[in-house]
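Colleague: The primary structure of each chain is shown beneath.
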Amino acid sequence: MARSATVSQRTKIKRTAPRGFLRRVFKRYKPHLRLEARGDLLVHLSCLLFIRRLAEESRTNAYENKCSIINKDHVVDAAKVILKKSRG
Amino acid sequence: MADSPSPDSEPTTRTLLRRVLDTADVRSPRRRRSARNAIQRSVFETTSSRSLGSQTKTSVRRRSHGARSIGRLAHVQASAYLEKDTPRTLLKNILLTAPESSIMMPNPVVKLVPLSQVVQSYRRESSQGSLELQLPELDPPTTLGPGLPTSSRKKQRLRLSVFQQEVNQGLPLSQELPVNADSSSFTRSLNLTFTTPLQPQSVRRPGLARRPPTRRAVDVGALLQDLQDNSVASAPPVSRTDYATTSSPISELQPPLPEVTEAAGSEEAVRVKELEGSSEDEDTSGEPASPELATSTPELLQAKQSHEFLELPPPPGVGVLPSEPLEPVPARLPSRPRAAGPRPYRDPYRTGLSHYVKLFSFHAKMPMEKKAVEMVERCLDKYFQNLCNDLEVFAAHAGRKTVKPEDLELLLRRQGLVTDEVSMHVLVEQHLPMEYRQLLIPCAFSGNSVFPAH
Numbered sequence: 040m041a042r043s044a045t046v047s048q049r050t051k052i053k054r055t056a057p058r059g060f061l062r063r064v065f066k067r068y069k070p071h072l073r074l075e076a077r078g079d080l081l082v083h084l085s086c087l088l089f090i091r092r093l094a095e096e097s098r099t100n101a102y103e104n105k106c107s108i109i110n111k112d113h114v115v116d117a118a119k120v121i122l123k124k125s126r127g
Numbered sequence: 350m351a352d353s354p355s356p357d358s359e360p361t362t363r364t365l366l367r368r369v370l371d372t373a374d375v376r377s378p379r380r381r382r383s384a385r386n387a388i389q390r391s392v393f394e395t396t397s398s399r400s401l402g403s404q405t406k407t408s409v410r411r412r413s414h415g416a417r418s419i420g421r422l423a424h425v426q427a428s429a430y431l432e433k434d435t436p437r438t439l440l441k442n443i444l445l446t447a448p449e450s451s452i453m454m455p456n457p458v459v460k461l462v463p464l465s466q467v468v469q470s471y472r473r474e475s476s477q478g479s480l481e482l483q484l485p486e487l488d489p490p491t492t493l494g495p496g497l498p499t500s501s502r503k504k505q506r507l508r509l510s511v512f513q514q515e516v517n518q519g520l521p522l523s524q525e526l527p528v529n530a531d532s533s534s535f536t537r538s539l540n541l542t543f544t545t546p547l548q549p550q551s552v553r554r555p556g557l558a559r560r561p562p563t564r565r566a567v568d569v570g571a572l573l574q575d576l577q578d579n580s581v582a583s584a585p586p587v588s589r590t591d592y593a594t595t596s597s598p599i600s601e602l603q604p605p606l607p608e609v610t611e612a613a614g615s616e617e618a619v620r621v622k623e624l625e626g627s628s629e630d631e632d633t634s635g636e637p638a639s640p641e642l643a644t645s646t647p648e649l650l651q652a653k654q655s656h657e658f659l660e661l662p663p664p665p666g667v668g669v670l671p672s673e674p675l676e677p678v679p680a681r682l683p684s685r686p687r688a689a690g691p692r693p694y695r696d697p698y699r700t701g702l703s704h705y706v707k708l709f710s711f712h713a714k715m716p717m718e719k720k721a722v723e724m725v726e727r728c729l730d731k732y733f734q735n736l737c738n739d740l741e742v743f744a745a746h747a748g749r750k751t752v753k754p755e756d757l758e759l760l761l762r763r764q765g766l767v768t769d770e771v772s773m774h775v776l777v778e779q780h781l782p783m784e785y786r787q788l789l790i791p792c793a794f795s796g797n798s799v800f801p802a803h
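Residue numbers (our numbering), protein chains in the order written: chain U, 40 to 127; chain E, 350 to 803.
One or more of the hints may lead you astray.
Here are the simulated SDA-like pairs of lysine to any residue, each with C-alpha atoms no more than 25 Å apart in a straight line [stated by the list, open to error]:
{"id": "1", "chain 1": "E", "residue 1": "K753", "chain 2": "U", "residue 2": "Y68"}
{"id": "2", "chain 1": "U", "residue 1": "K123", "chain 2": "E", "residue 2": "S703"}
{"id": "3", "chain 1": "U", "residue 1": "K66", "chain 2": "E", "residue 2": "M715"}
Think of the hints as simulated: they come from the structure by calculation, not from any bench.
Using the sequences and the hints given, assemble the complete structure.
Modeller: Right, here's the structure in full:
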């Protein structure tokens, strides 16, 4: 956890999972299913990994276009790739 | 302590001095230094005559403390009283004027009880003049307690002085005041300090007097007059936008503040408490002040409004206060609609997603456009939908209606994150904090038990 361990920026990274929010989202999409106790932690883990990959990809896109700001287009292209990857 | 006249178990400075006064024979007046030595010698004699062995340490400590305090006070009083008087009168003056500064709870001194009644009746007046005079008395008790932790912040001191007011007025003390053990004994000893007469002006340490009291009294007078006169709200946002940096915390704190104040009884306490809230806003801008304020507002409700206003910690700009209370204070009483009327459903959803969006911006390490942020939210939403669909399929494949961690593991495996080399436990260890790790990874404990049980 090299990068996240050193929060040199002023933003505070909360490491707690929004467990209630995850349960509610799951219920909203699949009300007939039940989620187990530890399942939502793993859902949080998968979201973290997804976000990480998405951020890396969009950063790469921005570098390639030689922009110093991440644009919407970079994110869109990155999302296409990563969503396809994490389709399961 | 068989032969101690007073029934207390541990001798304090005050009782020591009292014993000296009772037993010591009158000596001829001497010079200042030798008078002090005489006092110390007499104290030493009495203590040594009484105490042997185990008690010497405590008496030594107290003797030194007594000597220190005697020395300090004698230095002050010596010039005035030495011409006529003996150490006896010196000690009497010391007893009269010395603040009760020991942590232990001594028995209330008999001599000061009649004074206490006088002072309490004096305090019960709510007039301006009494307020001004009470101020210098309030300062030494707050500064002279050894029980008070030296790193106590201004808010703690505010609450303690508020507590003192309650004690004086006989209000119920069971209000939610976070008084810890140190300060409770401190305030109990402070009960006695209130009974000290108005003399301690000379005893008060000038270095610790932080606020000029006279200026505050004027503000209170103007404030009270304005409170009583004005009932119409002038434009508060005008004054608040002047302090642009704290506008957002103020606006956040406004909804809880009016709700809390509606529970209160008095209007004026409400106004001043909200003033407190806003001025404390100024102090704590940028900090997470809302939990502090939430705990401090119930205490503030109980106290006298003028006292709490006077006991404010010196804000960054004292000039802020005179201008501020006049305008926004009467304005906050009529409740204003703050949130938008119709609340969209997606709001809690977006606020929940914002947690992950912040993580995105953290990992990206580059500034992002607003549109990019919204795009990330939409991607996350899409990801959630895909996730739920997949989990449903996996659970149905296993003939279950509950999604279990094995389904999640299968999902990660299909995503390519979990391979034969990289197991899921590795990912859990890398990305989750320890509390979740303990829940997810089965660990063997002593007694042949595994937690969590598989």
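Colleague: For each hint, tell me whether it holds in the structure or not.
Modeller: Here is what the structure says about each hint:
no.: 1; hint: E/K753 with U/Y68; in the structure: holds, 17 Å
no.: 2; hint: U/K123 with E/S703; in the structure: holds, 23 Å
no.: 3; hint: U/K66 with E/M715; in the structure: violated, 34 Å
Figure legend: structure checked against the earlier numbered hints; the only hint not met is number 3.
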